[in-house]
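Student: Between the sequences and the hints, there should be enough to build the whole structure, so can you do that?
Residue numbers (my numbering), protein chains in the order written: chain A, 1 to 854; chain B, 1001 to 1287; chain C, 2001 to 2306; chain D, 3001 to 3191.
Hints are not guaranteed to be accurate.
[Said to hold, decoys possible] With the Cβ distance kept under 10 Å, some of the chain C side facing chain B (calculated, not the full set):
1) V2019
2) L2083
3) A2115
4) I2166
5) A2295
[Stated by the list, open to error] Beyond 12 Å from chain D on every Cβ pair, some chain B residues (computed):
6) D1031
7) G1037
8) R1059
9) S1070
10) A1181
11) L1210
12) A1263
[As the list claims (entries may be wrong)] Computed Cβ-Cβ distance ranges for the label pairs, DEER-style:
13) B:A1278 with C:E2229: 34 to 42 Å
14) C:E2229 with B:A1249: 23 to 31 Å
15) B:A1064 with A:Q589: 41 to 49 Å
16) B:A1278 with C:R2237: 51 to 59 Å
17) D:I3020 with B:A1278: 40 to 48 Å
18) A:E727 with B:E1034: 26 to 34 Å
19) A:A504 with D:D3139: 32 to 40 Å
None of these hints come from the bench; they were simulated from the model.
Idealized CB from N, CA, C, for every residue including glycine.
Chain residues, written in single-letter form:
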Amino acid sequence: MPGLGTSFGRGGATVWLPDLENADCILIQGSNFAEAHPVAFRFVMKAKERGATIIHVDPRFTRTSAVADLYAPIRSGTDIAFLGGIINYVLSNERYFRDYVAAYTNAGSIVSDNFVDTEDLDGMFSGWNAETNSYDTSSWSFERNEDGSLRRDVSLQHPRCVLNVLRRHFSRYTPEMVERVCGTPQHLFLKIAELLASNSGRERTSAFAYAVGWTQHTTGVQFVRTAAILQLLLGNIGRPGGGIMALRGHADIQGATDVPTLYDLLPGYLPMPSALRDEQTLTRYLEKNTKKTGWWANTPKYVVSLLKAFYGDAARAENEFCYAYLPQLVGDHSVLPTTFAMKDGSVKGYFVIGQNPGASGQNAELVSSAMERLDWLVNIDFFDNETVSFWKREGADATTIGTEVFFLPGATVLEKEGTMTQTSRVLQWHDRAIEPLGDAKSDLWYFYDLGKRLKALYADSQDPKDRPILDMTWNYDHEDERERASGEPSALRVLHEINGFTVADGRQVAGFADLADDGSTASGCWIYSGVCPDATTNRARGRIADGTSSPGWGWAWPANRRTLYNRASADPAGNPWSERKKYIWWDAQRREWTGDDVPDFPKGKDPATPARADAIGIDAHSGADPFIMNLDGRGQLFVAGALVDAPLPAHYEPLQSVIENPLYGQQSNPLLREWKRDDNRYNRAVDPDFPYVLTTYRITEMSGIMTRYIPWLAELQPEAFCEIDPELAVEKGIANGSYVTISTALGEMEARALVSGRMQPLRIGKGQRIHQIGIPYNYGRMVGFARGDSPGGLIALSMDPNVSIHEAKSLTCAIRPGRRAARIAGSIEAAVPDAQRHEYGAGAAHGVDAGERR
Amino acid sequence: MATGFFTDSTLCIGCKACEVACKQWNELPSDGFEFTGNSYDNTSQLSGTTWRHVDFVERESVDAEGIATSWSMLSDVCKHCTHAGCLEACPTGAIIRNEFGSVFVQPDICNGCGYCVVSCPFGVIDLIEAVGRGDDAAKYSVATLHDDRLNERKTAVQATGGVAGKCTLCYDRQRVGMVPACAKACPTESIQFGEIDDLRERAKRRVETLQARGVDARLYGADDVGGGIGALNAFFLLTDSPEAYNLPAEPVLPSTRQAMGYAAAAFAALTLATIGWAIFRGEGGAA
Amino acid sequence: MKSYYDRPLLKGPHWGSNVVTYLFLGGIMGGLGLISLLADDRPEPEMKKLRKATRYTAFALAAINPPILISHLGRPERFFNMLRIVKFKSPMSLGVWGLVLYSGAAGANAVRELADDGIVPKMLRYIAPSATVPIQALLGAFMAGYTGVLISATAIPFWATGKRHIPAFSVCSGAASASALATLLSTLQGNHDVIPRLERLEMAASALEVALIADFRRRGGAATAPFFEGRVGTRLRDFTILGGIVVPFALNAIGGAFKLPKSLDALRSIAASTLTLVGGYVLRESLIEAGKLSANDPHVAFRQPS
Amino acid sequence: MAKTTIDITGLATDRSTRSILNERIGELPNVASQRTQHLRARIDGAKAVTSVCPYCAVGCSTLAYVDDSGKLLDVEGNPDSPINAGHLCPKGSAIFGMTINDRRWTTVHYRAPYATHWEEKPLAWALERIAARVKETRDATFVREHDGKRLNHTLGIASLGGATFGIEENYLLGKLMHSLGVVAIENQARI
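Tutor: Dropping the structure here:
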């Protein structure tokens, strides 16, 4: 989550969920909080009962809006304009929390005079290289003093200090402009801006909550960045009742980011070695990824400990701890480019585990037709699903599909033990309740078994390419004899390895502070170090709640800190900003930080400690720099070079929009990635054939394959539907409850029409009305009691340049009454003829370079 | 000690956890998979197998600032009336008032006559007429039941031609000191369970709080609803008239009509007997 | 007017033809009790014959009505669940006990007839003291009337609106149907002398019935629409009001006013009686069907009749 | 107001003080059946196992109740959790139905190339075949070096999924895939 990561230092929600109750105002935007996270929403309701104002900004009036104090409609995909408008309001009315901003953010840093803003380049920043379609970000930087430290003007007067750059950058985001871009009536926008300003400061705090409504855009990272800037300006980060709550989707989606199954990351947010970055040796890799100041000065300890965890005794200093075993990246290997590569024939084998791209993926037909070219597909799930049965889908001819398909029955959460990390970064261990039914096995069982089988198959190999498999430590037999007999590995042993241990005696380390870069320690994921601090303690299994931040309930990374950057809850001198918002403070007598949480700061570091330009790591920071992960210890209003598309967020229209960008000449994100191919057809940027905004979402009652077969849930929302406003319904002759067909250049789907006054056309500019159509993403055509088309068939693949996330929330479409035509089976042509396909090459197989950039 | 529910529509987010938690605990089947187009309500009503049901009331009003939308949700349930039509009607004594003051259907006694169904002024109780599984009985699919429990349910329901079903206020859970499944699940505590006197007090305070905030809050069933029914052990806080939530504004306890009915029948019988006497045994008749 | 998507507020009856039949036969049993009482202890042979016919028939009906109820309930032992309590508040509970007691009385009276006829030992005559005849009649009146109370003491708006009328015209209909049945039996028996009196009783009952129904329509308001209008209303008009009351009344009046040839007169009697019985059945059926329709209209259920 | 004591008969405590007739004849006789008298929650005394809801990332703690024979009886919210305090959403309330569900596939299903139907297969057979196919594909597509750069990877195998299973499982999958040289490892967590 680099939107948060580049601003604050860590890519995780800054908030401990129950702390939302302490907010004085909560802005929910990019999230249908009540519907998507109903149980966490109880804290919002509690805050409301305590007098907090709840604001919901969303394209649709949802169940969240229903209980909010204030609802404002917005055109999907225009949140930067909306939040930018609030930033402009806060800056031009001097409503920011000046003491906080001056001390804890880089507002006073002086931006390089080579930097040219969007104001002067009609929506582009300095450094654009039209040939490579990318920015040279070197001008997005700060001026430095002679000792290498950053030049700062804490009086915030310098014309090129970040705050003044911000002022100028957002000056065109006026309430009139917000209304023109977002369709939000000015009076509502101003009310919200004022509510946030008046509920922030010393005495009050406001919290933001977002979810995939902000991220699944070609500008998704910058949405989150805008919110981060605003929350820093309002002084709400690191304080009780403040922060940014990233409401994540799946049960372990945070865990799967921390201990990533993501192509570009190693555990603990260490980058994956890349052939594109000259990281051929460990030395080079560490040079590239170790920072002089801030916490990332510790990178070598974490990398070496990880390699020791992977390759055990084989990993030695003299062989760079088997660093060379790690595969090297040659491009973007994320799911979308991989799907194209699969379609083009270079991917032969595919594991799909607990995910159903055949229904919930974008351009689901592309996904399915890509799987036709696989040699084999292995799927682990609980139920039949659209992915594993892709060869039976509507329009397919199974007799022409040569893919060998294996469905392995998975064990449900009740049938296995282990840990999941929830959205506030809290690890929670679950015990096993019952034996898996039938032949079902845990995923752990399957992975362990496959590893053992491959080790056996390669046992006699002398080929150096097979060394990683043979040297990989792979002993997770269960402590319990009966479990061992069933082949069930010990999740606890895996967790112990993740926590880390001293190589010499195998004893677990107490925390990441104990990790070393000399090979004496091993740790599978440094940020999780401390979860099992000794042989008998599993803090993820802690089940003591105490009504405060409940440090005994589960274990939060890092180091069990619940609210991140909580040093900022005290003023620079270490005293609480106010009695009402007291959280962590400096106890001058005991000379330590104390309060209601684990301090996210060196416990004994005096607030008066000066910064030292010559020091390494966080010793370079002063005692008043709360963002310890960052180079300068401060919150980043202006991000220098860490994101590829912008140091400051600028509003760009979605790839497929209904209007031209009112703010800049630049229509959409200049770096967004798209693939113009016959099997991935886009609507034009502004396309009169597709005049309506299409947005997608999920609903409370359904998730996907994990719910569609449960009759209790299926009866609550039994069929795919779309939500449209009454005006459009009348215009198109659509009756409530009837079937309609929604189409894009890519394809069409049918759904039942739910005509509701909750959907209202937006008024933009003079008399222009914009209709938005909403379609839930929970359904699939092939299986389940609840059935219907998925909007996956409508959405051509496109991608944000920072994190390769797809754009699925803001699209364009057409709609007509009646059902769609049936799909007829036929031959599937290769999208890219074989002759044109590179045999091998960076990116070529994986779309990044094959795909066109705009 | 009487217990009950206070269901507060202003705290409801319409998530329907109550419906599912109830079905899971009471092992009830689904009522079918039909899209209604009525807001987010696809279960439509309380039934013999749906004992909690969430109403979705969409309203639009136009004010100076444009169109104002509101969406009020309420989890409906058996009211457990002080004087319950179903209980009075039940000819077998299957429906009893238990030690918690709740109206409880004893499925082992119920003979499925259906008289309770038409005797409920709130349209709550209904017959469970079939339980099945799989495609042949998708409407009543209980795909989640263990075989033995499914068979038990089949014996109890299908073979007997139906039994009456409605909320038990989780009598079985209350017996061991547990909170009813719906109230426990409810994420926002819109459904509150407790001793009825406490709940009424809480409800009245809540109404005052909301009214002070300018919310058009009103209680339904906290006090006597009239018609001889008395107060409801499951009562509600509404922000609209009862009809908007499919609740009767003026419910009446059916048994209050019995005296008049018997009198009318007696009148007719006596009249006919007199005429008959005259015809058969009177002067003319005997002649 | 406000409603919840026009969804029904109430649940309609799950009752079908077996319940209709039960209600219909219950009414006849009630009427037979009265006729049996009227014919009791009379020296005239035609009355004796009538007495015998009504008693045997009443007993036969008392014997088949519980199985009809059971056919609705599904399983016999579920019927006996109704015998575990006596609940004064429940018309159905009282009705079941009424049926049981009526069956007992009717049985005793039937046994008395059998004993008189020498089919069973004379001794058994004393099973039934003479009081059982008026008891049967009284229980019969209850049987004919309680079903009307049973449906009007419900939440179904149409039924509830008829709390004064439905029980009363149910009794009348029962008496008319019983008279018609007795007429039929007497015709078959060749007991022609009693028929004019039965027909007069039937005319009286029908007249009162139609008067009550007309009054119900006049006073009932919107809630009675499902009964008097639409499909149910048409059927009610054709089969009950015209076919079941007006035409038999006329036929009976003709029979009373003119001396017809014997076979024609028998045909006339049979036709009138059959029509009355069909009308009686359709009346009960219409009540149930209108109840179902009434339950579907939330607007009449929001403010329920007192 | 509701009566504070309820006149229920047929319960053992009341039995001795009332005659059957008094119990059973009256305005509203209130007689509990045998079943009613013995009614208890089916989880009373059952083992409660602490688990976590598998749906969204809020991380609601659950209690799964299991009887002596190891059969699952019920799943509900864990009241001790500071996150959900015993509450669950509709999906969480249906966890039981996700596990105990006759539509669930609990055996290996295999579809041979060009086949038009599934066949059920023994687990061991499938695992052996999958391992062989992984090796075959890896060996055929592995790239040691390209343009003088060591790559040590295969682009012939990809893996998708992770956000729905645990961190230990993610760790093991990642370790195995990295050691095989697989780089196209992805899950739902793209952001």
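Student: Taking the earlier hints as the rules, which of them does this structure contradict?
Tutor: 3, 10, 15 and 16
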